[in-house]
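> Generate the whole structure from the sequences, applying the supplied hints.
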Amino acid sequence: MFAKLLKEVGRGKRGARDLSYEEARMAAEMIVDDKVTPAQLGAFFVAERIKMESVEELQAFVEVLREHAYRVPVQEGIDCTGPYDGRKKSFYATFATAFVTAAAGLPVTLHGTAPMPPKWGITLQELLQEAGVAAAEMSRESAAHAAKETGVLYASSEQWCPPLAKLRPVRLELDMRTIINTAEKLVDYSHSPYLLFGVFHNTVFERMAKLSQNLSYRKALIVQGVEGSEDLFIERPTRTYDVSGGEATLYVINPDAYGLETAVPEIAWTPKEQLNATEAVLQGKGHLAFVNQVLLNAAVRLQLAEKVESVEEGLYICKALMDEGAPFERYRTWISLMQKQGAQTV
1 MFAKLLKEVG
11 RGKRGARDLS
21 YEEARMAAEM
31 IVDDKVTPAQ
41 LGAFFVAERI
51 KMESVEELQA
61 FVEVLREHAY
71 RVPVQEGIDC
81 TGPYDGRKKS
91 FYATFATAFV
101 TAAAGLPVTL
111 HGTAPMPPKW
121 GITLQELLQE
131 AGVAAAEMSR
141 ESAAHAAKET
151 GVLYASSEQW
161 CPPLAKLRPV
171 RLELDMRTII
181 NTAEKLVDYS
191 HSPYLLFGVF
201 HNTVFERMAK
211 LSQNLSYRKA
221 LIVQGVEGSE
231 DLFIERPTRT
241 YDVSGGEATL
251 YVINPDAYGL
261 ETAVPEIAWT
271 PKEQLNATEA
281 VLQGKGHLAF
291 VNQVLLNAAV
301 RLQLAEKVES
311 VEEGLYICKA
321 LMDEGAPFER
331 YRTWISLMQK
341 QGAQTV
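Note that UniProt numbering has the sequence shown beginning at 1, numbered continuously upward.
No wet-lab data here; the hints were simulated from the structure.
Note that beta-carbon positions come from the ideal geometry of N, C-alpha and C, so glycine has one too.
Heads up, some of the hints might be wrong.
[Said to hold, decoys possible] Derived DSBU-like pairs (lysine-lysine); straight-line CA-CA distance at most 35 Å: (1) K89 to K35; (2) K340 to K166; (3) K219 to K285; (4) K166 to K210; (5) K89 to K219; (6) K148 to K51; (7) K119 to K319; (8) K88 to K51; (9) K51 to K272; (10) K13 to K166; (11) K307 to K272; (12) K4 to K51; (13) K319 to K166; (14) K272 to K319; (15) K88 to K148; (16) K13 to K51; (17) K148 to K166; (18) K89 to K210; (19) K148 to K285.
[Stated by the list, open to error] If you anchor each label on the Cβ, the simulated ranges turn out as follows: (20) G284 to P237: 23 to 31 Å; (21) A165 to G284: 25 to 33 Å; (22) E309 to N276: 33 to 41 Å; (23) S336 to M1: 46 to 54 Å; (24) E206 to P169: 16 to 24 Å.
Next comes the structure, spelled out in structure tokens:
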């Protein structure tokens with residue numbers, strides 16, 4: 001049966017057709033259940049890459065992965081979904097931002113894995129390892145406990161969703177983007193009602209907006225952010241799609257409108273440099289560009305999750321929290337819990 005589905009998506013750029021939701025779900029289930037050969041799996045991923053995945057195909061793969069994942073409603077907040085292949089040239093603003101928004105009353109779910117193709121950049125998991133957190137080995141219960149105490153959940157995706165671990169070898173061998181690169185970001189480990197989703201090309205805005213609607217998020221913001229992430233630029237405007245009430249609206253966020261536009265320094269990023277920059281920002285000692293970037297991202301996320309009525313209100317709240325040191329204290333508590341729980345697990 002899988003061979004028949006493979007033929008439909010593998011007839012070439014002109015002859016290939018999109019699978020129906022039911023067909024795509026069948027393909028996803030067969031892949032997850034190890035009912036395809038390595039050759040078939042590789043061919044399917046390449047064919048989908050050439051054809052470009054439809055909304056129905058993506059939805060099917062997301063829902064099958066969700067059914068095989070550990071998902072717990074530990075908190076009602078925002079799911080921040082950036083590329084799992086990491087960063088090479090930019091500050092990991094979403095990590096520091098998580099503790100600002102959590103301190104403001106908005107729980108955050110982050111997730112990721114070890115470096116992946118095609119970018120092979122620095123991942124959040126490597127940043128956590130630099131902080132002494134063995135996220136990949138930590139039990140799901142331990143991570144959930146830290147989230148209940150602080151409002152920040154980190155899910156090591158290949159542990160929380162075992163099919164992703166099984167698919168890693170073929171993805172590494174292919175060394176290219178596959179349908180899994182999108183689907184893995186939408187597993188939604190804590191049943192978050194709000195979605196922040198990073199994309200690289202604006203050509204996928206409408207497709208991702210439709211997908212977020214099909215997956216029943218209360219509200220979503222699709223961001224053409226830094227290195228394809230969910231992080232807004234601070235040195236120039238960022239194109240986004242605001243998805244709510246069944247409609248998607250183009251929304252350009254300009255940092256200059258809030259007096260925050262700042263030139264970004266060139267830094268040879270390593271996990272250690274990322275961690276140092278994160279801690280400096282949370283302590284109010286970081287480079288102004290990164291401080292402003294965290295403030296803007298936090299304010300926009302609070303507005304998305306209906307915690308504030310405007311970005312300006314969000315900036316006011318987040319700046320006050322930063323000045324008081326609340327996000328850094330929350331970060332220290334979270335790191336301590338994660339280190340302690342990780343040590344017990346290992």
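> Decide, hint by hint, whether the structure agrees.
Hint by hint, here is what the structure shows:
Of the supplied pair hints, the one linking K89 and K35 is violated, its CA atoms being roughly 39 Å apart against a limit of 35 Å. About 28 Å separates the Cα atoms of K340 and K166, which keeps this hinted pair within 35 Å; it holds. Distance hint between K219 and K285 is fulfilled; the C-alpha atoms sit about 33 Å from each other, no more than 35 Å. Taking the CA atoms of K166 and K210, the gap is near 29 Å; set against the 35 Å cutoff, the hint holds.
Between K89 and K219 the alpha-carbon distance is near 29 Å, which keeps this suggested pair within the 35 Å criterion. For the suggested pair K148 and K51, the alpha carbons sit about 42 Å apart, so the restraint of at most 35 Å is broken. With a CA separation close to 34 Å, the supplied pair K119 and K319 stays within the 35 Å bound. Distance hint between K88 and K51 is fulfilled; the C-alpha atoms sit about 28 Å from each other, no more than 35 Å.
Proposed proximity of K51 and K272 is contradicted: the alpha carbons are some 39 Å apart, above 35 Å. The suggested pairing of K13 with K166 holds, with an alpha-carbon distance near 29 Å, which does not exceed 35 Å. Our distance criterion of 35 Å between C-alpha atoms is met by K307 and K272, whose separation comes to about 33 Å. Among the hinted pairs, K4 with K51 is consistent with the structure: their alpha-carbon atoms are about 16 Å apart, no more than 35 Å.
For a cut-off of 35 Å, the pair hint linking K319 to K166 is broken: about 43 Å separates their Cα positions. Distance restraint check for K272 and K319: the Cα-Cα separation of roughly 26 Å lies within the 35 Å cut-off, and the hinted pair is therefore satisfied. With a C-alpha separation of about 32 Å, the suggested pair K88 and K148 falls inside the 35 Å cut-off, and the hint holds. Note on K13 and K51: the hinted pairing holds, with a Cα-Cα distance of about 6 Å set against a maximum of 35 Å.
With a C-alpha separation of about 29 Å, the suggested pair K148 and K166 falls inside the 35 Å cut-off, and the hint holds. The suggested pairing of K89 with K210 holds, with an alpha-carbon distance near 30 Å, which does not exceed 35 Å. Between K148 and K285 the CA atoms are separated by roughly 28 Å; this keeps the pair inside 35 Å, and the hint holds. A hinted range of 23 to 31 Å holds for the C-beta pair G284 and P237, which are about 26 Å apart.
Under the hint 25 to 33 Å, the C-beta atoms of A165 and G284, about 39 Å apart, miss the expected range. In this structure, E309 and N276 meet the distance hint of 33 to 41 Å, their C-beta atoms being roughly 35 Å apart. Distance hint check for S336 and M1: the Cβ-Cβ separation is about 51 Å, which falls inside the suggested range of 46 to 54 Å. Taking the beta carbon of each, E206 and P169 are about 33 Å apart, not inside 16 to 24 Å as hinted.
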